[in-house]
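Q: Quick note: the sequence shown, position 142, residue 142 per the UniProt record's numbering, numbers continuous.
These are computed hints drawn from the structure, not numbers from a lab.
Restricting the straight-line Cα-Cα distance to at most 30 Å, the calculated cross-link-like pairs of lysine-lysine (DSS-like) are:
hint, residue 1, residue 2
1, K497, K509
2, K355, K320
3, K293, K57
4, K320, K293
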Amino acid sequence: MRLRFHCQNRIGILRDIVSHFVDYGLNVARGEVGGEHGNAIYLHIPNLLNAQLATLKPELEAVPGVFGVRRVSLMPSERRHLELDALLSSLSDPVMSIDMEGHIVAANRAAGQLLGVRIDEVPGLSLNRYLPDVDLPALIRRNNARVNGLRIKLRDATFLADIAPLHREHHDDVASLAGAVVTLHSADRIGERIYQVQRQELRGFDALFQASPRLAALIREARRMAPLDAPLLIHGETGTGKELLARACHLASARGQAPFMALNCAGLPESMAETELFGYAPGAFEGARPEGKLGLLELTAGGTIFLDEVGEMSPRLQVKLLRFLQDGGFRRVGSDEETYLDVRVICATQQDLPKLCAEGLFRQDLYHRLNVLSLAVPPLRDCLDGIEAMALHFIDRAARQIGCRMPGLSPAALARLSTYHWPGNVRQLENVLFQAVSLCEGDAIEPGHLRLPDVGAAPGLSGIDLDGSLAGIMNDVERRVLAALYPQYPSSRQLAKRLGVSHTTVANKLRQYGIGPGTGELG
Numbered sequence: 001m002r003l004r005f006h007c008q009n010r011i012g013i014l015r016d017i018v019s020h021f022v023d024y025g026l027n028v029a030r031g032e033v034g035g036e037h038g039n040a041i042y043l044h045i046p047n048l049l050n051a052q053l054a055t056l057k058p059e060l061e062a063v064p065g066v067f068g069v070r071r072v073s074l075m076p077s078e079r080r081h082l083e084l085d086a087l088l089s090s091l092s093d094p095v096m097s098i099d100m101e102g103h104i105v106a107a108n109r110a111a112g113q114l115l116g117v118r119i120d121e122v123p124g125l126s127l128n129r130y131l132p133d134v135d136l137p138a139l140i141r142r143n144n145a146r147v148n149g150l151r152i153k154l155r156d157a158t159f160l161a162d163i164a165p166l167h168r169e170h171h172d173d174v175a176s177l178a179g180a181v182v183t184l185h186s187a188d189r190i191g192e193r194i195y196q197v198q199r200q201e202l203r204g205f206d207a208l209f210q211a212s213p214r215l216a217a218l219i220r221e222a223r224r225m226a227p228l229d230a231p232l233l234i235h236g237e238t239g240t241g242k243e244l245l246a247r248a249c250h251l252a253s254a255r256g257q258a259p260f261m262a263l264n265c266a267g268l269p270e271s272m273a274e275t276e277l278f279g280y281a282p283g284a285f286e287g288a289r290p291e292g293k294l295g296l297l298e299l300t301a302g303g304t305i306f307l308d309e310v311g312e313m314s315p316r317l318q319v320k321l322l323r324f325l326q327d328g329g330f331r332r333v334g335s336d337e338e339t340y341l342d343v344r345v346i347c348a349t350q351q352d353l354p355k356l357c358a359e360g361l362f363r364q365d366l367y368h369r370l371n372v373l374s375l376a377v378p379p380l381r382d383c384l385d386g387i388e389a390m391a392l393h394f395i396d397r398a399a400r401q402i403g404c405r406m407p408g409l410s411p412a413a414l415a416r417l418s419t420y421h422w423p424g425n426v427r428q429l430e431n432v433l434f435q436a437v438s439l440c441e442g443d444a445i446e447p448g449h450l451r452l453p454d455v456g457a458a459p460g461l462s463g464i465d466l467d468g469s470l471a472g473i474m475n476d477v478e479r480r481v482l483a484a485l486y487p488q489y490p491s492s493r494q495l496a497k498r499l500g501v502s503h504t505t506v507a508n509k510l511r512q513y514g515i516g517p518g519t520g521e522l523g
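Kindly produce the complete structure, drawing on both the sequences and the hints.
A: Spelled out as structure tokens, the structure:
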């Protein structure tokens, strides 16, 4: 059991407190001093029972200078260790701390994967055996300052290493080198990093597309809702950018400088989802960490938690989430201690939650708690009037990531993009164009570079704008038909034969709609 004593900072108070545990034959395994002015003492007494604490508490609170005693789930050092572990685990780049002999002291999971060992096997490994051409300790001693962008080769992969020296102070205030923190950046991703640095000024809503009127209207609604400190429910198909919208709302709120954490509820077993979200107490179950684990809610304190695919949440978790929304309190798995936090909840789903409520698969009271504010993200097929601007943006980004010259987009390829039904929405568009840029060897992306599977085809009139006159609607349909068939019949004569009309008629239509490489090449 771990106890926190709110107390006066006076000589001998720790001895007076510990003496009461000695009288009961209880061993104090560890003690720590905390608080801004040293006015808190934490003690870890492994064998202390609840019944004994109930008897001891009046005696402890009668010690001069002790103002209160309460149970806590973690010692301050344990909390710092868990927070640091969670932070390192979230980093995709390998990070290692080494001593001045070149041995690894600590590392994150990405570093363990790179070295080909389990994370618990990393401490003590000699980094020199993986870097025969670089003597890192000698480099650290020689520079005694931060080194950025050192090109190294490790396990047949090239990295740019950032090396930050660690210093320790002696009693005579002379600092000496204790080692260094080494962060490895994959050289293959440098183009992407440069691109992100160039765009770092674009954050939140400024980084979201507004080329289509429907998307612009969505962003206007989201800007109004972002500062409101209430739950937000975002509905949209897969790949529409629901998490990007949630992050933008977070950044535009008063919590924008606080953490933003995300959890996808789909596909996670109930026990794993519960421990990820709420954490667990020390020794909560077999195989659990002895110090316990902080959940995403505690790591997000003061910020925003984003729960994706909330419709997949189990009934048990729905109850715990409902309670947290009602009073801000929850219990870690295996703990009887209440934890209260201030966290904004943003959820997303592609399911029909009212229908799930009617079928008894989702709690109606939870739905109403989550649906205080709501946003509906339109699918890409309803925003095709802005697809050219989106396509050019993704082509630019792909070219920077790959490190090649940015190709153009041919009219026929644009027409193909404009007539596709996009079941994977914006995410699918980005992936298709990344592949197209990698395949393109010329100056422009052509329809042959676009790998678009004909699955999940949109039925009926889906994607056709029914506003306007019949003539306008028919022109739109005609343009889509010609654009869809032209890549297979890339001349006006072939296409005319396929459609059973005259060559002149098709040539005029292709010229009217801007389909094809040029009027001189249509025949």
